[in-house]
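There are 2 protein chains.
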Amino acid sequence: MPKTNIRTLAKQLGLSQGTVSKALKDSYEISAATKERVMALARKLNYVPNAYASSLRKQKSKTIALVLPEVADSFFSVAINGIESVAQKKGYHVLIYLTHENFAKEKAILNELKSGRVDGVLVSVARETKHPNHISALQTNGVPVVLFDRVLADTITAEVCTNDFECGYIATKHLIERGCRKIAYLSISKNLSIVNERLEGYKKAIREYELPPDKDLLITCNNSEGHNHAAIKKSLSSKNRPDGILASVEKLIITTYHVCKALHLEIPANVKVAGFSILPSAAILSPPVTTISQPAFEIGEAAAALLFKILEKKDHGPENTKIILPSALIIRGST
Amino acid sequence: MPKTNIRTLAKQLGLSQGTVSKALKDSYEISAATKERVMALARKLNYVPNAYASSLRKQKSKTIALVLPEVADSFFSVAINGIESVAQKKGYHVLIYLTHENFAKEKAILNELKSGRVDGVLVSVARETKHPNHISALQTNGVPVVLFDRVLADTITAEVCTNDFECGYIATKHLIERGCRKIAYLSISKNLSIVNERLEGYKKAIREYELPPDKDLLITCNNSEGHNHAAIKKSLSSKNRPDGILASVEKLIITTYHVCKALHLEIPANVKVAGFSILPSAAILSPPVTTISQPAFEIGEAAAALLFKILEKKDHGPENTKIILPSALIIRGST
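Those sequence lines, one after another, are chains S and D.
For the first sequence, our numbering gives the first residue as 467, with consecutive numbering after it.
For the second sequence, our numbering gives the first residue as 467, with consecutive numbering after it.
Honestly, I wouldn't trust all of these hints.
Identical chains share a label here; the pair holds if one copy fits it or two copies do between them.
Stated by the list, open to error - 25 Å max Cα-Cα, derived DSS-like pairs, lysine-lysine:
no. : residue 1 : residue 2
1   : Lys573    : Lys526
2   : Lys573    : Lys510
3   : Lys656    : Lys526
4   : Lys528    : Lys573
5   : Lys573    : Lys656
6   : Lys573    : Lys556
7   : Lys699    : Lys656
8   : Lys775    : Lys700
9   : Lys488    : Lys573
10  : Lys571    : Lys556
11  : Lys648    : Lys699
12  : Lys555    : Lys573
13  : Lys571    : Lys555
No lab work stands behind these hints: they were computed from the structure.
Kindly generate the complete structure, drawing on both the sequences and the hints.
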């Protein structure tokens, strides 16, 4: 069945398209009798206004975009729920784009979003992203941006994140207090601000306890499960084997557990493990894993709320707001 | 900075909007010199064509919608990746909507999608969904639909799912062969075809081994973690305690493990546990859990490919295609 549009209605009713359009909008210029006729046929033919025609008239898409590195991660999947809960209340649609940690893809997505497809954009940057130019370009084009979790240093952008530096410090201190002297830090990027903030916190604890800094203990992982497994295995098989591991993201905790299992290393007897994660299975892993748990839902919620503040121009200058929601160390069997 | 549109360009150049529009489209009607002038200013003012104006002209949104119960689930997060990989290759955008297992929300979303916002829709239905009327209404409106994983019985819709009946049977048989005599089946819905197919498979195995059918062993869970925890705890604390559990979805495996931990029940000594899941941590849980692993990426990929076949009208009648991709039983320490 072809879609009913204003043209179809006008033709069947012997009215002009302008009259039909005004009648559908309940305009005072149209008589009650005509409105009645138009509405009756619209109902009969199952007329639905075209969303894009409507967007074009209002210059509003009622849509926001969410640009993420991945969804197969507890943090992001819960943050999406937080964002979505706010958008639904506002009657907005959420477009989700995945960068798969690839900068070129992220840039192409943001470039495409200049076209008016969305009213605003929430971004958590890819591990490869170094510069904010593609984000500034979108803002210059009149599309507001809020960064969340994975923010970029030196950008004039609204941001919502957690206290990464402090958490890196607290988690490392905890490992040291449980007897670790050679703690490996598993990074997933040399660019990502959150990973570097966590690393700086780690370094602060190492300095404070006067442990020897060791470059071999800083392991850079990436987006390939195979690479990460090999890199962690190499470190845990070496003579200078670490006795503690701090994983900067969830998937590296899982990989570390798999490597320990393969190498028959006991957690926590041979190596203690802690990581940043809100994994629902954290407490039932073998052994239960110590985590730094981020308030993912709240971060998503706050980021979306901030974006709507900018869109609704309710506050003065929310474009520069930085919100920090604290995470918590949850100690379990792995340390 | 206000957005540059065709009107701005026309005004600054002293040309008509029609001329500018044709020049931007490289029309033969416009002289090379004029095209040059238009393109130069368009570049200078960072002109981007309006996506909705463009959609309206082409009557194509280049967007598909994905309607899901939730994202915090390994199956769906991996299926999204499969869908997205196909859409990206086709140059399509993916709108993701979450129903949170709520039928009214699912209905409202599909109703909204009648408006031409998307060219086609992929749906995995909510646990509350019983009837396909809202799906048929969307199809009647000219928007093709493909159901995946959670399909509906008796719909004339393209579908991609896995061999749920067979897997329910194989998993139950496995539990029986490992000595279980009282196997509880954890359902999340009385409507969902996949849950019922898995249940029918379970019942077949129970009959085949002549175990007494027991209604108390059929536990209906829902979308509330608290309710599910209480229901599983009640069953595992009863005199007639099950010695085996088959969880129909991933989150119920996690809840079962938490309940067993709270009740100090040993898995697999006191109770054996198996479930439908592709949890990345399945092998490192305490103990590693036996799963029926669905080809989630492939299901997403096949569903998206089928939708594009319908959109591109390449095949005759792909609207009725049913694709079944088999799952595999992976035996681990929990059984």
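Should Lys573 paired with Lys526 be assigned to within, between, both, or neither, using CA atoms and 25 Å as the limit? Both: 23 Å inside a chain and 24 Å across chains, each within 25 Å.
25 Å Cα threshold - placement of Lys699 relative to Lys648: within (16 Å within a copy, 42 Å between copies)
As a check of your reading, is Lys699 near Lys656 (CA-CA no more than 25 Å) within one copy, between copies, both or neither? within (20 Å within a copy, 46 Å between copies)
Reference check for the pair Lys528 and Lys573, CA-CA at most 25 Å: within, between, both, or neither? both (23 Å within a copy, 19 Å between copies)
First find the shortest C-alpha distance between Lys573 and Lys656 inside one copy, then the shortest across copies, and answer within, between, both or neither for a cut-off of 25 Å. within (19 Å within a copy, 45 Å between copies)
Please work out whether the CA atoms of Lys555 and Lys573 approach to 25 Å or closer within one copy, between two copies, in both situations, or in neither? between (29 Å within a copy, 17 Å between copies)
Go through the copies and call it for Lys775 and Lys700: within, between, both or neither, with a Cα cutoff of 25 Å. neither (48 Å within a copy, 46 Å between copies)
As a check of your reading, is Lys571 near Lys555 (CA-CA no more than 25 Å) within one copy, between copies, both or neither? between (30 Å within a copy, 12 Å between copies)
How would you classify Lys573 and Lys556 at a CA-CA limit of 25 Å: within, between, both, or neither? Answer is between; shortest inter-copy Cα gap is 18 Å, intra-copy 28 Å.
If the cut is 25 Å between Cα atoms, do Lys656 and Lys526 qualify within a copy, between copies, both or neither? Result: close neither inside a copy nor across copies, 38 Å intra and 41 Å inter.
Between Lys571 and Lys556, at a C-alpha cutoff of 25 Å, which is it: within one copy, between copies, both, or neither? Between copies, since 15 Å is at most 25 Å while 29 Å is not.
Go through the copies and call it for Lys573 and Lys510: within, between, both or neither, with a Cα cutoff of 25 Å. between (46 Å within a copy, 20 Å between copies)
Violated hints, in rising order: 3, 8, 9; the structure is consistent with all others.
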